[in-house]
Amino acid sequence: MTAQAPGARAAAEAAARQSYGKLVAFLAARTRDVAGAEDALADAFAAALERWPHDGVPDRPEAWLLAVARRRGIDAVRRRRTREAGRDHLALMAEELEAGMAEHDIPDERLRLMFACAHPAIDPAMRAPLMLQTVLGFDAAAIASAFLVAPATMAQRLVRAKARIKQAGIPFRIPERPELAERLDAVLGAIYAAFAEGWLDAAGTETRRRNLASEGLWLGRLTASLLPNEPEALGLLSLMLFAEARRAARRTDDGRYMPLAAQDTALWDNAMIDEAERLLVVASAMEGLGRYRLEAAIQAVHCARRTTGGTDWPALATLYEVLLSLTGSPVAAINRAVAIARLDGPRAGLDALEAIGDARLADYQPFWAARADLAAQLGDRAQATAAYDRAIGLERDEAVRRFLQAEREALDEGGV
Amino acid sequence: MQYMLLIHVDEAAMAAMAPAATPDKAYEMAQPYLAYNEALKKAGVWVAGDRLAPSASTTLVSMRGDKTEVLDGPFADTKEQLGGYYIIEAADLDAAIQWAARCPAAQNRAVEVRPIWKAG
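Chains R and G, in that order, give the protein sequences. Sequence positions in the first sequence follow the working numbering and run 49 to 464. Sequence positions in the second sequence follow the working numbering and run 287 to 406.
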């Protein structure tokens, strides 16, 4: 098959995605017809993914894609006959780019495309899949497997979402000031959703989901580079880097779950943490307060253990307190209770946990795991056992489940 | 693009208010709409707009073979009925949303923003 190093393949694929996303964004921003733009470029993109790993990335990758799209596209679109729009896009390319391409690069409209994908009129669950497809060129089957949805269902939803962009007249624009924060929050939320799907696969056994974490990081980098003055865009990138840096330490070699506090810091990626810290410093110097900056700051406190050897629990309790008041998130409330337990003992932590009173927590594994741990520390075996049982029943990840089962067994052996 | 803003009203609630409404009161209630209409026209956005008579005055017509079937009452007998509409000319959905947000109906209930079908 292929003789080239995996690095060359990855570089070629990254370049193909860069150029593809830019061209889709450029065309679709003018016509609002995402499907038509994708259709016009589909064959050229496939050819690039096939040839660039062997032949190397061309000097001007966008020009290469356009030339191939023009040469092959007209026949392909004619064959399919169903997509009139694809032909319109080819005409548009010819008109707008033929002269201009030699002079300067095409403008980067990917941020506009991302704002269209994360428009409030688009179903929140479809924003991340839509970005992965239009900006990065993922096919519906790959996205479906990453989000654990049937491929036909995902394909249908993507088609509908793109039709909606066109029919409803969803604009490809970067919103202005008063609106920007709210709209950017939707863009960042979709990027984080993609990353989080990949993050769930801690062991990295499901290649597609692990890739999703790196694609989320890639989108985060793109957004941060295009909006360098938006502290939340920098905050999200910082947060994702802090998390990704710990990937190798999350499981032992034999696949056992390692809780954050027990992870070997030597396995953390120092360069990634350094980058995350630099971003956080820049973002923190900017005005205001935001969810992603706070979460990145929390991660920074955890990651500081690599140099200090300890965890600053008072700082964590304060940061979770602020995050809770900002977002009202029950997850922040649980983590705050855990920090309180470290500071003021398990009784205070358990009281804080019980004071949350959010119905959604009944099905949330970390709530029951935290409760079990604190009850065990207080010597309340009955409560601890019941809470471990709840937590074990709710956990999807086998490694985490085995970890909880071991903790529960330690109770039975009179470890408390 | 052209968008229709559909205003759905709770007719029972409106009817309950009606007997108490003096002509002065009715004028006062219409004021925000008159101002909104004016704003749409000034901005060159206005295409059409009307308030509709109560749904009790609706007639439903359909062909059954070669017979014309005529029924009284609206298409769906729901609490909320179409009470009025605007057709506006807007650059994109965001612009249409901006105008819908300024509509008096959006202040206490929702306005439906629907693109007008364009062939091709």
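Hints should not be assumed to be uniformly reliable.
EDC-like, lysine to aspartate or glutamate: derived pairs with alpha carbons at most 16 Å apart [as the list claims (entries may be wrong)]:
1. K404(G) x E375(G)
2. K214(R) x D380(G)
3. K328(G) x E375(G)
4. K214(R) x D378(G)
5. K214(R) x D156(R)
6. K404(G) x D363(G)
No lab work stands behind these hints: they were computed from the structure.
Hint check:
The hinted pair formed by K404(G) and E375(G) meets the criterion: a straight-line CA distance of about 13 Å does not exceed 16 Å. Our distance criterion of 16 Å between C-alpha atoms is met by K214(R) and D380(G), whose separation comes to about 13 Å. Restraint check for K328(G) and E375(G): satisfied, since their Cα atoms lie roughly 13 Å apart, inside the 16 Å limit. For the hint pairing K214(R) with D378(G), the CA-to-CA distance comes to about 10 Å; that is within 16 Å, so the pair holds.
For the suggested pair K214(R) and D156(R), the alpha carbons sit about 20 Å apart, so the restraint of at most 16 Å is broken. For the hint linking K404(G) to D363(G), the alpha-carbon distance of about 30 Å lies beyond 16 Å, and the restraint is violated.
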